[in-house]
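Participant: So the protein lines, in turn, are chains A and B.
In my numbering, each number is its position in the first sequence, counted from 1, plus 498.
In my numbering, each number is its position in the second sequence, counted from 1, plus 498.
All the given hints hold, so there is nothing to weed out.
The list cannot tell twin chains apart, which means a pair is met if one copy fits it or any two copies do.
Simulated pairs of lysine to aspartate or glutamate, DMTMM-like, Cα-Cα distance not exceeding 20 Å: (1) K520 / D502; (2) K520 / E508; (3) K754 / D777; (4) K754 / E778; (5) K597 / E618; (6) K524 / E618.
I should point out that these hints are in silico values taken from the structure, not numbers from a laboratory.
There are 2 protein chains.
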Amino acid sequence: MALDHTWYTEQWAEQGAAISLKIRDKVHDEQSTYQRIEIYETETFGTLMTLDGLVMVTDRDNFIYHEMMSHPALFTHPNPRRVLIIGGGDCSTLREVLKHSTVELAEQVELDERVTRVAEKFFPDLCASNDDPRARLHFADGIEWVARAAPGSYDVIIIDSTDPVGPAAGLFSETFYRDCLRALGKDGIVVGQSESPLFHAELIRSVHRALRSAGFRDVLTLNFPQCTYPSGWWSATLAGNGRPLATFREDDVAAKRVSTRYYNRAIHTAARAAPQFLDELLR
Amino acid sequence: MALDHTWYTEQWAEQGAAISLKIRDKVHDEQSTYQRIEIYETETFGTLMTLDGLVMVTDRDNFIYHEMMSHPALFTHPNPRRVLIIGGGDCSTLREVLKHSTVELAEQVELDERVTRVAEKFFPDLCASNDDPRARLHFADGIEWVARAAPGSYDVIIIDSTDPVGPAAGLFSETFYRDCLRALGKDGIVVGQSESPLFHAELIRSVHRALRSAGFRDVLTLNFPQCTYPSGWWSATLAGNGRPLATFREDDVAAKRVSTRYYNRAIHTAARAAPQFLDELLR
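Assemble the whole structure, with the sequences as input and the hints as a guide.
Facilitator: This is the structure in structure tokens:
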């Protein structure tokens with residue numbers, strides 16, 4: 499049956515599929531310098547933010563994505579003190595990162611300040627750590643930021659980007675990954691969102707190749723559900739050059755000093771399992 | 499934006515969400531004794547079957563569900579010879595079961611013969627093993643079938659059912675699970691689809707409770723992505739009374755005599771990991 503205007507619909511045109519969320523009201527709509535930012539109150543997913551018509555965040559299911567973008571990398575690094583977040587304007591990755599007591603500095607470099615200002619208003623929970631003294635919010639081009647970063651200046655770089663089109667396309671390139679490698683210290687880890695295993699397996703393969711070409715010896719994709727992203731299934735890809743990514747600080751995870759709703763020790767291990775078709779593609 | 503009639507839409511009304519698939523044509527539509535059976539040709543998901551307006555199967559993504567409904571249970575049982583499938587009218591679970599050389603008899607008990615006949619016409623790949631000499635297709639009430647089964651007559655019972663409403667509601671009940679336990683032999687395992695961890699966590703908890711009340715000592719939920727089912731994230735729950743469900747025939751899986759596209763040894767292990775919120779709910 500057709501859905502009327504009481505639904506927000508995101509078409510994944512190339513995939514011939516769409517997801518819809520029942521909405522009560524649109525509560526914000528602006529065209530920033532970079533994109534259209536819309537906020538809806540939904541019936542059952544809480545507040546929804548879209549950028550150029552694509553779901554970025556809902557209250558109900560964002561925890562999975564943001565936990566998986568941050569905790570696996572931070573619990574793999576032996577002592578993450580300096581973290582850089584590229585994108586992540588809704589500030590939820592920042593909040594997860596700051597749950598780690600080892601972190602001394604968390605810098606977020608978001609291109610569009612308006613995304614963060616709108617998130618501060620409509621997603622106060624996600625922005626709850628913005629005033630943490632260890633947080634620095636910059637509004638600048640992440641690609642340039644990393645290119646200019648001092649060598650070895652970060653322990654973990656998190657690429658919390660939009661899809662690989664438009665301004666975010668460069669965040670999936672070998673050149674950018676090479677700059678990340680240079681900006682990382684010993685045992686440094688970069689992690690980027692890498693789209694849907696079902697819809698974008700070829701992209702995941704190209705991310706692996708670009709990371710290896712850039713000089714990373716160890717590359718690992720994590721899988722997790724994400725209801726409101728295309729196909730409901732998402733991935734993050736880690737790369738490092740130091741200790742193997744296959745091991746992590748399991749005892750520190752088990753100690754549960756970092757509160758989570760999705761992530762835990764078993765989930766960290768599980769997320770590394772590659773489905774057969776992806777295993778064959780990446781081999 | 500609104501979606502027009504060139505889209506098939508399934509509303510998950512209580513969840514305030516919907517999924518849509520772009521369709522080329524509806525190629526079949528009938529009202530059977532039990533339900534409305536519709537077949538569509540989609541743009542990118544191949545053929546789609548819906549029952550009473552709910553997605554049952556698409557060519558593109560059914561492999562994940564059907565592999566996860568069959569292989570974990572069959573590779574956990576030490577020597578699965580006699581398998582019963584309740585529901586499963588599209589015959590794809592049957593096909594997966596028959597990939598196991600240990601299986602001597604696979605009985606499928608589907609209520610609605612028309613589902614199977616329509617599947618044979620529109621999903622020939624899924625029905626490719628219907629003529630296997632080890633296969634028996636029955637069209638009968640699964641609840642009665644299990645109640646009348648001789649004690650110890652099956653090694654694995656797979657409940658490949660629709661949602662727990664209408665005729666399928668009884669397939670989620672303690673009474674039914676008790677009959678399953680009686681019908682199972684030593685080390686017998688029952689596995690049932692148990693809906694979405696994100697949308698139906700309380701149902702998963704009630705399934706655990708009902709299985710334990712029915713006399714199963716060991717209960718284990720597996721998680722996996724399933725793009726076209728509500729939330730894109732699905733689960734199957736196993737129960738047994740013999741060997742622990744936490745171990746399985748890993749060497750047999752690794753030998754890859756059973757061809758799969760999603761399932762493998764790492765995925766089997768991974769699927770057992772409970773997200774933190776579900777772990778806390780089920781504890």
